[in-house]
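The task is simple: from the sequences and hints, build the whole structure.
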Amino acid sequence: MERHSTAISMTALLFAFSSFVPAAPDSQRQAQLQHLLDQDCGACHGLYLTGGLGPPLTRQALSGKSRDSLIATVTLGRPGSAMPGWAALLGPDDIRWLVDRLLQGKPAS
Amino acid sequence: MIRVFLSLSAIALLLCGCAQTPLRGTGDLGVVVERASGSLQIIESDTRTSLARVEGLGDLSHASVVFSRDQRYAYVFGRDGGLSKVDLLTAKIDRRIIQGGNSIGGAISQDGTLIAVSNYEPGGVKVFDARTLAQVADIPSTPLSDGQKRSRVVGLVDAPGQRFVFSLFDTGEIWTADFSQGLTPRIERFTAIGQQPYDALITPDGRYYMAGLFGEDGMAQLDLWHPEHGVKRVLGHYGRGQARLPVYKMPHLEGWALADQQAFVPAVGHHQVLVMDAASWQQTDAIDLAGQPVFVTARPDGRQLWVNFAYPDNDRVQVIDTQTHAIVADLRPGPAVLHMEFTARGDQLWLSARDGGEVQVWNPYRLERLGTLPAASPSGIFFSSRAHKPGY
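Residue numbers (my numbering), protein chains in the order written: chain Y, 9 to 117; chain X, 61 to 452.
No lab work stands behind these hints: they were computed from the structure. Errors might be hidden in some of the hints.
One-sided and incomplete, this derived list gives chain Y residues near chain X with beta-carbon spacing under 8 Å [unchecked claim]:
no.: 1; residue: Gln47
no.: 2; residue: Gly54
no.: 3; residue: Leu55
no.: 4; residue: Tyr56
no.: 5; residue: Thr58
no.: 6; residue: Gly59
no.: 7; residue: Gly60
no.: 8; residue: Pro63
no.: 9; residue: Gly85
no.: 10; residue: Ala90
no.: 11; residue: Gly99
no.: 12; residue: Pro100
no.: 13; residue: Asp108
no.: 14; residue: Leu111
Idealized CB from N, CA, C, for every residue including glycine.
Dropping the structure here:
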């Protein structure tokens with residue numbers, strides 16, 4: 009997993025250098041991230057993201073929240089709460105993709 | 061002639077309808093939660109097989125199970141507030157209600173007549189008749205300052221004397237609810253016990269209730285023999301410590317280990333199991349591990365502990381010797397090991413590998429895998445022997 013994300017980051021870096029467009033995770037990585045969202049985010053936020061120890065992350069619950077602040081929360085965590093920062097485990101592209109997924113209101117697959 | 065024979069056969073069949081379902085016990089049965097599909101598998105430890113699947117149990121992410129004292133019924137607490145009573149013999153849902161909006165766990169009373177459920181939403185504990193699932197008591201938790209919500213409730217256990225004990229995550233309290241005088245509980249509230257109790261344990265004798273704190277270091281301990289002494293802080297170094305590492309999954313305190321006068325609990329965020337003297341409750345050691353521990357489960361004889369881990373180390377299981385504190389095995393059973401359950405006498409250990417889509421049975425003495433059973437995103441595994449373990 010770690011090696012894979014390194015590889016993805018390297019690819020992302022190369023891609024960014026060559027075109028200055030943020031790289032989206034490839035389809036294999038997207039499947040991994042969706043799984044992480046359902047299962048590991050779901051551990052606190054609920055399998056259907058309806059909330060638990062963590063707040064609900066449904067499209068409705070997130071309406072009015074800015075994409076940037078959500079990206080910051082996932083990246084750095086939320087001090088004083090149980091939300092960890094995921095920067096140690098996920099690259100910026102991964103986190104952007106996850107946040108966009110949440111904003112689209114994707115239910116558990 | 062043929063018709064007479066057929067009729068006789070029919071009568072014989074009717075009379076011996078029992079022959080199709082031979083009598084059996086339920087002491088060697090258990091259930092595996094299939095979290096994504098809202099189903100249970102009923103498993104038999106004697107034969108290491110799955111007997112049946114029960115579907116229609118709702119959102120089973122973070123589900124837990126307790127058993128009736130006759131070990132026939134499993135009470136399943138779902139995330140969506142569902143409370144289901146499943147008959148292990150017929151493999152059918154006997155009764156099912158939606159009792160809350162967002163639920164985290166439950167307990168069965170000492171006498172087996174009451175089922176208590178702890179809820180995040182609406183915050184509090186509801187209590188039901190174990191036979192009918194009719195609600196018999198409602199214990200709303202402390203309102204939050206926003207005036208809308210109430211504190212989420214965690215760490216609900218049963219305690220001797222027909223009591224339930226639980227912790228209030230948002231308001232930092234421990235409450236006891238005593239049902240010994242009837243269905244109107246006597247509530248005792250202990251406030252300012254520490255920030256964000258996230259889960260709790262009770263010692264096997266039912267004397268000490270201890271809540272792990274997420275918001276600060278230490279554990280909040282209530283001596284149920286002497287509630288008048290109030291809640292004390294123990295294991296002051298237990299917790300996230302100075303270096304507040306991100307915690308990718310909250311550790312569970314259920315299944316914590318008490319062995320050889322020592323207690324073993326998962327550290328929060330740190331790659332360690334902490335050891336404390338079970339008489340003085342002072343920390344005596346910290347055992348370094350491969351990742352952030354989630355469950356620290358003692359083999360029933362207390363000689364070894366099995367530990368699983370949070371993401372991204374959740375493909376591993378480490379086994380610790382409780383005397384030497386050495387790691388005696390470093391296993392990689394499969395992707396996303398979520399839960400481990402010993403048979404009551406410890407001859408088997410069952411574990412769920414969620415992303416491997418299987419449940420594995422191990423011989424915990426030889427550290428050998430005996431077999432696997434397919435399961436859909438399995439999480440919790442619960443044997444009916446829990447029926448007779450206080451605090452489970």
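Cross-check of the supplied hints:
| no. | hint | in the structure |
| --- | --- | --- |
| 1 | Gln47 | 7 Å, holds |
| 2 | Gly54 | 6 Å, holds |
| 3 | Leu55 | 4 Å, holds |
| 4 | Tyr56 | 6 Å, holds |
| 5 | Thr58 | 7 Å, holds |
| 6 | Gly59 | 6 Å, holds |
| 7 | Gly60 | 6 Å, holds |
| 8 | Pro63 | 10 Å, violated |
| 9 | Gly85 | 6 Å, holds |
| 10 | Ala90 | 6 Å, holds |
| 11 | Gly99 | 14 Å, violated |
| 12 | Pro100 | 17 Å, violated |
| 13 | Asp108 | 21 Å, violated |
| 14 | Leu111 | 22 Å, violated |
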